[in-house]
Amino acid sequence: MLTPLNIAVIVKLEPDFSEGNVSYNPDGTLNRAETKNILGPHSALAASAAFYSKVRYGAHVSIGTMGPPNADLILQSAQQISDADETYLFSDRIFAGADTLGTAELLKAGIQKMQGKMDLVFSGHRASDGETGQVGPQTAWKLGFTFLGNVIDYEVDVEKRTVRAKRSIRLQGFHDIIEEVEAPLPVFIAIDPSYKSVFNTASQRLACEKYKKEANDRAQNFKQYLKVLNAEQLGADPKLIGLAGSPTIVFKVEKIPKGKAGRQAEVVDGSSKEEMGRVVARLRQALSTMVIK
Amino acid sequence: MEKYDVVIVGGGSSGLAALKQLSNRGKQAILLESGGKVGSKSVSGGILYSKKPKKANVHNVEDVYENFLTDAPVERKITKYILHSTSKDKVFSMDLTSAHEYEANFGYSVLMNKLNKWFADQANESAQKYGGGIIPGVHVRDIKWDGDKTIIYTDELEEIQASAVIASDGVNSEIANITGARKKFSPSELYQGVKVVVKLPEDIINERFGVSSQDGAAHLFAGDVTLNHIGGGFVYTNKNTLSVGGVYHLDSLLENPVEPYEMINALLKNPMISEFVKDQVPVKKEIDKNLSKEEQIRIRFATTKLIKSWQETRDAVLSSSGRDRLIKSGKYASEDEIRTQLSSLQTQMADKYGVTLETDYVEVEYSAKLIPDGKRGRMKNPFIKNVLFTGDAAGRGIFIGPKIEGLNVGIDDAVRAANTIADALEKNNLSHDNLGKSYSNSLEESHYTKDMKEIDKDYLKIFLDTAKDIPRDILSSKYGMVIKLMSNDTLRNFSVGFANILGYEKLLPLVESEETYVKVPMELADRLGEKITSSYTMSIPSIATRIGKLNFSDDEMSHIKVIKPASDFMKKMVTLCPTRCYSIENDKVMIQHEGCIECGTCYEETDWKHTRGEKGITYQYG
Ligand SMILES: Cc1cc2nc3c(=O)[nH]c(=O)nc-3n(C[C@H](O)[C@H](O)[C@H](O)COP(=O)(O)OP(=O)(O)OC[C@H]3O[C@@H](n4cnc5c(N)ncnc54)[C@H](O)[C@@H]3O)c2cc1C
Ligand code: SF4
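So the sequence lines, in the order shown, correspond to chains W and L. FYI, in this note's numbering the residues of the first sequence are 1 to 293. FYI, in this note's numbering the residues of the second sequence are 1 to 622.
The set of hints was computed from the structure by calculation and includes no laboratory data. Quick caveat, the model's predicted, so the values are computed rather than measured. Be aware that one or more of the hints could be misleading.
Said to hold, decoys possible - If we take Cβ atoms under 8 Å as the criterion, some of the chain L residues that face chain W in the derived model are:
1. Glu2
2. Ile30
3. Ile134
4. Ile135
5. Ala544
6. Gly548
7. Asn586
Stated by the list, open to error - Calculated Cβ distances over 10 Å to all of chain W for the following chain L residues:
8. Lys52
9. Glu66
10. Val138
11. Lys284
12. Glu295
13. Leu464
14. Ile470
For glycine and all other residues, C-beta sits at the position ideal for the given N, C-alpha and C.
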């Protein structure tokens with residue numbers, strides 16, 4: 001019997017930027033109390049990448065996040081996607097004010113507290129509320145794992161304990177380049193925004209449906225799978241986490257000035273044939289002046 | 001290549017029953033459904049019947065799903081069944097409850113999206129025990145035979161091998177087409193069904209239709225509501241919605257094309273139906289454009305929010321389970337308290353935002369689908385090699401007078417197909433010959449096949465008894481004469497016997513005509529009917545609004561290709577497509593596939609496929 005894969009996913013609570021849900025303070029900073037929180041879209045992709053291993057390799061999945069007590073709801077969302085066997089909330093007042101380095105230290109401690117030794121850790125590409133994408137690499141570095149970023153597809157050889165991954169690399173002036181790499185486990189993978197799990201045999205899809213149902217059932221009773229850990233329980237070094245462990249200082253946040261509209265919108269009545277005809281003519285004209293490189 | 005004992009194509013009520021029955025027999029089967037959610041592409045009226053025919057046997061829904069009677073999310077048990085003849089604002093009604101109860105255990109009103117989901121959960125759970133299950137989002141595009149191998153090709157998965165296949169892929173069966181099992185149905189073998197679901201609180205339904213919360217009513221309509229087409233309309237009560245729809249002979253529509261959109265509007269505008277669907281609807285006041293943008297947005301959001309909570313509270317107040325739920329949850333102490341809250345919300349809406357309540361109706365879903373007429377189009381040999389066809393795919397729909405049955409027939413077929421294959425697996429005799437013959441024989445024994453072949457004189461008698469009191473002189477003399485003759489038991493038995501010798505082919509053009517479906521009912525209504533006036537002017541949504549409410553997942557590739565852009569048939573599609581997918585330019589018909597609801601109306605002269613996995617329409621009610 002092969003040792004089953006052990007997988008961790010780190011996810012992040014993010015403000016819901018969809019219309020009507022986001023709210024700002026007069027000084028331009030986010031009004032967190034008024035803004036609804038959701039599982040970030042990149043985190044959701046990381047969870048779906050873990051689900052892929054669940055379906056393909058029957059992996060054991062743990063999900064962790066750092067956040068306030070009500071962040072348990074985003075763990076529920078992540079469990080719904082990944083059918084996680086366990087979820088962890090790292091929550092403590094002293095975590096507040098952490099920059100990416102402080103967060104990485106804490107996540108490292110958290111991952112090490114999860115059940116079993118990790119073979120694979122997934123994170124999202126980056127968060128959409130200001131963080132610039134270092135948390136993943138920094139956590140990998142702290143864990144001493146190989147880091148693979150921008151992963152769009154992966155397969156694990158459970159026997160040889162290696163991972164083969166496709167990375168999408170974007171270089172200016174070039175088309176997207178897909179790089180294929182192989183690395184021995186343990187590996188830390190930051191999932192590319194264009195990642196999509198594909199199950200292309202009937203048996204994989206049957207397994208997928210089965211785990212989806214399990215995920216639904218689990219998510220409904222998500223508290224049963226949840227462990228909440230504070231700083232002390234995590235055993236993290238207080239000097240390396242929270243504000244104390246964060247060398248970054250946010251100097252000032254500025255609103256992006258509204259650009260003067262260079263285009264003018266015109267409302268067209270879609271049910272009027274003449275008006276639509278006019279639109280088509282305008283589009284034709286616009287297209288004819290376009291130069292295709 | 002992966003191999004399964006049985007592959008079922010299509011997750012409507014028929015395919016799902018096949019999966020459940022195979023699992024009941026301990027056999028492995030997988031079901032492939034192109035929709036992202038199983039059963040979400042099915043449309044029905046619908047009343048789901050369970051039958052107890054005296055002479056032949058049938059397999060009913062409760063035989064397949066052992067917990068159907070206790071757990072299934074059906075709407076209401078139909079206990080009143082009334083046929084209305086209409087002419088303008090006059091309606092003449094006949095109680096046909098005895099026809100509805102004829103040889104029936106029950107007839108439940110159902111919304112297929114909800115019910116199919118329940119069927120799917122039951123079937124999937126059983127199937128998993130034998131290494132099978134449901135795979136949604138997979139579109140089967142081909143089946144090929146290679147030696148003794150049967151290979152199934154899909155748009156999404158690697159090839160799959162099967163020992164036998166059940167094709168339950170609906171009226172526009174691609175499997176039938178690809179394998180050459182039958183020709184495409186011709187318009188004379190089809191009906192077009194169009195439907196809207198209307199929201200109405202439970203208590204209002206109970207009161208308006210004179211039924212208790214569990215019971216329901218079915219109202220059927222003939223006469224000018226069909227805008228002179230062969231067909232009829234219906235209003236079925238669900239728990240807290242009404243299904244309002246019509247089915248029209250496609251031949252008749254092609255002869256005199258009227259938009260499905262207009263057909264349904266004609267029904268809704270009938271004063272009796274208008275009165276059935278009416279409700280209190282909040283109407284927002286225009287927001288003062290002089291206010292600041294922010295303030296306008298704030299008011300818009302706040303009004304919407306308030307209306308939403310008013311609606312939720314009202315729905316709960318006006319339903320027994322809703323009231324119980326709110327009180328049990330501890331939110332309110334008593335019914336009175338909820339009512340007080342409701343009127344306070346109403347006052348707030350009016351005082352703060354100028355929202356008024358007006359009499360109108362609330363439509364939540366527009367849908368359409370073809371239905372096969374089994375009397376004409378039923379497959380005589382519903383199989384090819386080791387592929388067995390069931391339900392609409394085999395053309396097995398029953399239309400007799402007001403009777404529309406397809407759900408129960410498809411379930412019965414599915415059990416027979418599943419049993420045929422299970423027996424064959426047990427006897428290890430999967431020869432194509434054996435499968436096809438056994439299945440055909442089994443279907444021949446079905447009560448439903450009999451219904452598709454000949455007139456049942458006892459069923460006919462019920463109609464004649466109901467029509468007994470109609471003065472003979474009132475019907476155009478031809479029909480008065482027939483009714484008179486048929487009312488005599490001996491003469492009736494003799495003439496039905498004679499008619500059945502003639503066969504449906506010769507009989508149908510006489511029985512199913514504009515005369516019987518439109519003229520006679522109009523005459524009845526004109527001369528005996530009661531005048532009904534509608535108390536309000538309804539605001540019927542535009543076609544764009546109706547389409548806008550539907551859920552689509554667009555595919556960049558069109559699943560339908562026009563192959564005869566200048567044909568007469570295609571030109572009529574510009575009118576007959578329920579969602580106006582066709583337009584005409586320079587005498588050539590073009591398609592815009594994005595709004596296609598896969599009704600199948602344009603099937604005959606197009607290269608027509610169901611959408612690829614997870615694409616296309618997903619109904620909420622069905
Ligand atoms: C307006 C209206 C009123 C009706 N009223 C009644 C009524 O009152 N009582 C009654 O008994 N019947 C009624 N019927 C008929 C009844 O609804 C149908 O007979 C029944 O729904 C057919 O079920 P089915 O499983 O055969 O097909 P469907 O429900 O059409 O299911 C076919 C399924 O196959 C899938 N599929 C198709 N091709 C493929 C492919 N290549 N690969 C994968 N999946 C595929 C489709 O997505 C679909 O989900 C009514 C029908 C209409 C339209
Ligand atoms: S295009 Fe789609 S909706 Fe229109 S008639 Fe054809 S199948 Fe029906």
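Hints and how they fare:
Contact between Glu2 of chain L and chain W, as hinted, is supported at the beta carbon level, the nearest pair being about 5 Å apart and thus within 8 Å. About 6 Å separates the beta-carbon of Ile30 of chain L from the nearest beta-carbon of chain W, less than 8 Å, and the hint is met. Checking Ile134 of chain L against chain W: minimum C-beta separation of about 7 Å stays under 8 Å; hint holds. With a cut of 8 Å, the hint placing Ile135 of chain L at the interface with chain W holds, because the nearest CB-to-CB distance is about 4 Å.
About 7 Å separates the beta-carbon of Ala544 of chain L from the nearest beta-carbon of chain W, less than 8 Å, and the hint is met. Because the smallest distance between the Cβ of Gly548 of chain L and any Cβ of chain W comes to about 11 Å, over 8 Å, the interface hint for this residue is violated. Proximity of Asn586 of chain L to chain W is violated relative to the hint, the smallest CB-CB distance being about 14 Å (cut-off 8 Å). No Cβ of chain W comes within 10 Å of the Cβ of Lys52 of chain L; the nearest lies about 36 Å off, and the non-interface call holds.
Non-interface status of Glu66 of chain L relative to chain W is upheld: no Cβ of that chain comes within 10 Å, the nearest being about 20 Å off. The beta carbon of Val138 of chain L sits about 7 Å from the closest Cβ of chain W, which is not more than 10 Å, so the claim that it is off the interface is violated. No beta-carbon of chain W comes within 10 Å of the beta-carbon of Lys284 of chain L; the shortest separation is about 17 Å. Distance check for Glu295 of chain L against chain W: the nearest CB is about 15 Å away, which clears 10 Å, and the non-interface claim stands.
The beta carbon of Leu464 of chain L is kept farther than 10 Å from every beta carbon of chain W, the shortest such distance being approximately 50 Å. Remark: the non-interface label on Ile470 of chain L is consistent with the geometry, its nearest Cβ contact in chain W lying 47 Å away (cut-off 10 Å).
Checked against the numbered hints given earlier, this structure breaks hints 6, 7 and 10; the rest are met.
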